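> Below, each chain spelled out in residue letters.
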Amino acid sequence: MLESEFMRLAFATGAVVGLLAPAVGFFLVQRNMSLVGDGIGHTAFAGVAAGYLLGVSPVLTALVAAVAGAVGIEWLRSRHRAAGDQALALLFYTGLAAGVVLASFAGALDVDLFSFLFGSILTVTRGDLVLVAVLGFAGLALIGLLYRALAAVVIDEEGAKVAGVPVAALNVLVAGLAGVTIGLSMQIVGILLIAALMVLPVIAAGRVAWSMSSSVLLAMGIGLVSVFAGLTVAYYADLPPGGAIVLLAAAAFVVTSALEAVRARA
Amino acid sequence: MPVAVELDQVGFSYRPGQPVLTDVDLTVEEGEFVAVAGPNGGGKTTLVRLALGLARPSSGSVRLFGEPAHRLSRRETLGYVAQRAQVGTEGPVTVREVVSSGRLAQGGLFGPLRRRDRAIVDEAIADVGLGDLADARLGHLSGGQQQRAFIAKAFAGEPSLLVLDEPTAGVDAESQEALARLLGRLHADRGVTMLYVSHEFGAVEGIVERLVLVRGGIVFDGPPHALPSAWHDPSHAHARK
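So the protein sequences, as listed, match chains A and B. So the first sequence is numbered by my numbering: it starts at 3 and just counts up by one. So the second sequence is numbered by my numbering: it starts at 833 and just counts up by one.
Source of the hints: derived by calculation from the structure; they are not laboratory data. Check the hints yourself; a few may be wrong.
Partial pick of chain B residues on the chain A-facing surface, computed with a CB cut under 8 Å [said to hold, decoys possible]: (1) L910; (2) Y912; (3) P924; (4) A937; (5) R969; (6) L973; (7) G975.
Quick caveat, the model's predicted, so the values are computed rather than measured. We treat Cβ as the ideally placed atom computed from N, Cα and C, and that holds for glycine.
Build the full structure now, drawing on both the sequences and the hints.
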């Protein structure tokens, strides 16, 4: 399998995505914003379509659209311009509709677009890998550096605000990172399923984690294993990788739930 | 004594013509332990948000340690314990992680906690009697123990002013009394200015020096024993004595 360059590229990109998506997703899940990734994903879809229409890299346009959408939803939420679910709905449907219209204009409602929706192991280029590695490791480094601050906002947002912690800036940062993660992950997992990789490993890890930091690390481990195993299954069974990866992440939830039940009885 | 909190002729309304608070004058000196009580919807939480600079008054002025509250230069000197923890029983967070998050404003945003910060966190955990449960998941503790963890978090920030907003909501009467005793001891040991906001003040009636009742404005301000007996909270032992 690894003799093929496209698989080596897919695995290298997948390694970054598998670590980054749950690390960012953790801070969304703990703030009851698990579905935000879906809304951002649909904005990224509009970005992909815009890329086709403008004749530039759909990955870059999707990245820009995803970050803009993520920061937009955080702005709407934090300024109380719209309730959280309404802001999400606004982004979700506007992104999807804009994507369909732009893709139609570009004449791109075809198999290429399908590969962005559900992921494809054939689409990752060396240039994509460089972009994913640079932005992905920068994102992980930022989370590592600001972990205590991000955790403090998750634990007690109001208390942090009172004590002068720049909560609004940290929330925008998480939103921006979510946008970057989705933009970087869409080729491997697909726009429609990337949010699942941000959420399912976190939920699975929470069943057996003994602390917040252990939960983040376990989630990243589950994400990485899900991506590697999912890519392998997709290669041998000729499946879209997004579906295989997400089903394996869901299986991890079943396993950790069973472990939790066993531990509770012991 | 220097003044910690000063509200001067403060009025506040969310909508024009519907004032929540009118003509509030309140001065809290440094080191005082004050209970702010009143019915739900009476304006207690609004008063606290104004005092912390989280909301701006429609009229009048609010000062914290001599500075306009919304432009306080040393916000890290403020501690706040909310009614309900955000992480609650769902998040996989330990007592130590909760309390450590209280050092953020002092310890800086970046990188791990320094040794001195870790020592302060350990001391705060021990002070609230959770030393043996420092590495336990918050969700596995009782409501009273969870609130003690958040009180330790606030004290880990070494605040000059600590505001507790309905800290005993949803906690049984026995735990309320225990929390009140704990707060009384911490106040005596550390001399922190404390505002205890609750619609039930019975639990702290024997500990606070001053009681402020809020109902659209301040309707009582004095020592708890001077409160007309009809206004006492009948659900607590102090009131029954």
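> Next, verify each hint and record whether it holds.
Hints, verified against the model:
1. L910: Since the shortest Cβ distance to chain A is 5 Å, the answer is holds.
2. Y912: 4 Å, holds
3. P924: 4 Å, holds
4. A937: Where the cut-off is 8 Å and the nearest Cβ of chain A is about 4 Å from B:A937, the hint holds.
5. R969: Interface hint status for B:R969: holds (7 Å vs cutoff 8 Å).
6. L973: B:L973 check fails; min Cβ-Cβ to chain A is 14 Å, beyond 8 Å.
7. G975: 16 Å, violated
The earlier numbered hints that this structure contradicts are 6, 7.
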